[in-house]
Amino acid sequence: MELYELTVHQLVNLLDKGEINPREIVDSFLNRIQAVESKVKAFLTLDEDRAREEANQACRQAGGLLRGIPYGLKDLFCTRGMRTTCASRMLEDFVPPYDATVVNRLSQAGGVLVGKLNMDEFAMGSSTEHSAFFATHNPWDLQRVPGGSSGGSAAAVAAGEVPFSLGSDTGGSIRQPASFCGVVGLRPTYGRVSRWGVVAFASSLDQVGVLSKDVRDSALVMNLIAGYDPLDSTSVNLEVPDYTVFLDKGIKGMKIAYPREHFGPGIQEDVKETVSEALKWFEENGAVVEEVSLPHSEYALPAYYLVATAEASTNLARFDGVRFGLRDEGAENIIELFSQSRANGFGAEVKRRIMLGTYALSSGYYDAYYLKALKVRRLIWEDFQKVFGDYDLIVSPTTPTTAFKLGEKLGDPLTEYMTDILTVPVNMAGLPGISIPCGFAGGLPVGMQIIGKAFAEGTILQAAHAFEQGKGLRNQKPPLGVN
Amino acid sequence: MSSDYEVVVGLEVHAELKTESKIFCGCSTAFGAEPNTQVCPICAGFPGMLPVLNRQVVELAIRTGLALNCEIADYCKFDRKNYFYPDLPKAYQNSQYDLPICKQGYLEIDADGHRKKVRINRAHMEEDAGKLVHQGSITTSAYTLVDLNRSGVPLLEIVSEPDLRSPGEARAYMEKLRAILLFTGVSDGKMEEGSLRCDANVSVRPRGEKALGTRAEIKNLNSFRALEKAIEYEAGRQIAALEDGEKLVQETRTWDEEKQVTRSMRSKEEANDYRYFPDPDLPPLRISREWVEEVRASLPEMPDQAQQRLVSDYGLPEYDAGLLTLTPDHLNFFDQAVALCQDAKAVSNWMMGDMTRLLNQNNMEISACRFTPAQLARMLQLIAAGTISGKMAKSIFEEMFDSGEDPERIIKEKGMAQISNEDELGKIIEEIIQAHPGVVQDYHSGKEKAFGFFVGQVMKATRGQANPAIVNRLLKERLNREGA
Amino acid sequence: MALSLAEVEHVALLARLTLSENEKELFAQQLGAILEYVDKLKELPTDDIEPLSHILPIYNVFREDHCRPSPPREETMANAPLVEDGQYRVPRII
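Residue numbers (the working numbering), protein chains in the order written: chain R, 1 to 483; chain F, 1001 to 1484; chain H, 2001 to 2094.
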């Protein structure tokens, strides 16, 4: 096996035993990137020299769990001295003078940043086709999307370009691409991981998470990035457990619920079957599996598109051409400066959402739209509270379909929004959720979503790991037509 | 102003809170730094940045609310107030919309000869924007420069009810409010530095009418004087317009200090829709009653209390006591001087008279005064002891103000000690009487002026340093001894 | 139902986005469709429901009033498109 085919924990093992050195690891991944990147197109910025230099340093110094282990970052995470574009023309040349908190933590652990990964512009989208620069291709079928908005993060892991990456999840942007690309994607509880230095899309919904080849890696990286950050007022001051401790506890006696609304008519049949098979596995292996209802499920998506776009419309207002970002040089007065710079800098999907969000907050509409959505949000949150009163976990398909074709959903915004229908309720309730590979449908990966109580990432990882080990579905490699 | 109408004024005041660091980041709030040197990615609204609330801002807001007799909310939050302007880095201002930290308070003013309670609707926390410096002119191409040092400085916005009825009342309100802000240590209250800003909402209505007229919001008031003048002008403008049959429109107007008029700022753009909503980045505040009581217990003496103390302890007139409690610096100076010389009336007179005059002439704050309360106290003791006359004291005081020297030193150096030695004075009087027998005659024949003549001569001979009371007595004795 | 052009222009002005005529028409139609979809929320009676604006039950998150040195001006202004005399330069404000 090539080094790039291994997981983080396998690499750590080899490093600990002294069988490999950090430089060899980085070289293997950089070579892999050279081989497949022209097909996958996951990276917006690649810095091989810096990676090699950091790997060399890691060879010289001891310490750090991730010493020499490379990773990628969704280009939403600010990196000091390295271009951070958010896949937008608005920030095409923006070089932040600071690192996001999570970047600091990975760096301190010895992680080697290889580059910045493609995404939907400002995290708005479900396909990565809304990147201002180019689309990323799903390693399982290069004609299909990797999902979004963390499409580059998922594709890079699936293609073996990096062993893990960080993404962000506001309405499903980690879980949905993980599902489409056959990798593990964990979105933690809101407040579990610091958002400082992560460009904001929707402040009450955004959360930083991990994409990896298997569940153990997810636990390892969570150990490094989770935890209170005094720079983020919404990060919770709660102790971070060692998530790896949960991994081998098994699922005997666990009470698992599956919401009937998430197995309804809008879901692709073979996706439903694959996830139902997974539920059977849980039952056969000692878990109690029962059907429940999340009665307000169908209202989660419309409420989400009001809350998220309203917050986004104000979070993106700072892009005005004055202190950073694209500027319309020809503007003759201040209104032109703002309006032209933003018109030139933002793509269509971003503009659409800014317009929608502005409308939802505007005078005369605030009550009917934004305020109404916040009330519905409470109803959704209460639905989950009720179920979690009796159950440990909730399981559903991650997405209604497997990966769709590039260009397929670009005509009508609403059809693309619908792909988030199963993931969005989790964000609205601020809960943690993972997507793990649970099989294939028509040759394409199917993801199973496991949702937990607030701050119960350990329980999620416990069940996910048991399933992964039991079904042998970890670390699968797409053919990619290379080798 | 036509007595058929009354003017109705409400004031919106912004006070910069005296914290070391900004409201959401650790940048300094110090005034006068080089542009953009007290700025970080947080207060410059960079991508990915998040706010963390400065606890001292809340503490100072509670303190102010208590000093203004407000209810302190037990739950409040920050909202985003959205609009685009180059001095607003996030394109939204963090403020408090529907749940302000303080509500329903009041303060008392003395104006136009009466004491009056002015109600305060609310006080809330918010952040300041940066500063714009306009360049160029109509002829050269105009542009603007942005300095973000001030962006993120914490403010308290204090909104009064429209209870004020004259420019005098408005000024009294501002003076009392500033005094309260100074006494509580909450703000510097300097209008010329921008740490205290005031916008006036002015409307007029026929006397007896309950409904409020259409109001204009007046901005760009940079001094208490400008406030008074602007209210005067605007009330007149509105009344004239109404009497002409014009309909007034609710608008924002700016005070033109040069031309002493208000001008409309109505732009072609429609009014701002601020789209307020609760800021998800800032968790709400729960203000415990324990915290409120802690703050209440730590409140220093307030201006009104101090004023009452001066009246009851020293028998000073309310008006005088009011002036002495305009700022904590004034009160401290007074209290310290009185503690040393026990003559409150004298201290009061000198402070309100010559001291105020000299400070104003020299554009100085009392804190810059070169002499100390102790030195003033000693000067007053010297007057009381007769070592110097009241008249001498005036020039000694001026010298003390200029140099900060001890009064004793000045007296010595200038040879200004009052002559009270009776032998010495007796000799001089004797000489003068001998030299003017004719005037002695005049005195004895009843001419009052003659006495004054002799006093004048004694003063001349002693270069004004003779103790007048002693001179009068000795002169009378001598003259009466002479004649018969 | 599509939004009117006037409504689209009003929102675009609030959001400071210059839109082409084509964009205005497209957004009028697309936003209209999305708003129709979200109107679904009207089906739910929510008069007695408290809005959920802060998802976490946390309050009073503070920092102490300590001053720390600001980063060097050149560093913070390195990404600025137009600077003069250490300040950001913008065209005239109407």
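What the hints contain is simulated information worked out from the structure, not anything from laboratory work.
Everything numeric in this text was worked out from a predicted model, so none of it was measured.
In this text, a Cβ means the ideal position worked out from N, Cα and C, and glycines have one as well.
Be aware that one or more of the hints could be misleading.
Listed below are several chain R residues computed to face chain F (Cβ distance under 7 Å; list not exhaustive) [said to hold, decoys possible]:
1) V199
2) S204
3) K255
4) P265
5) L473
Hint-by-hint comparison with the structure:
1. V199: Nearest chain F Cβ about 4 Å off; hint holds.
2. S204: This hint holds: S204 (chain R) lies near chain F, its Cβ roughly 4 Å from the closest one there, short of 7 Å.
3. K255: Since the shortest Cβ distance to chain F is 32 Å, the answer is violated.
4. P265: violated (34 Å)
5. L473: violated (35 Å)
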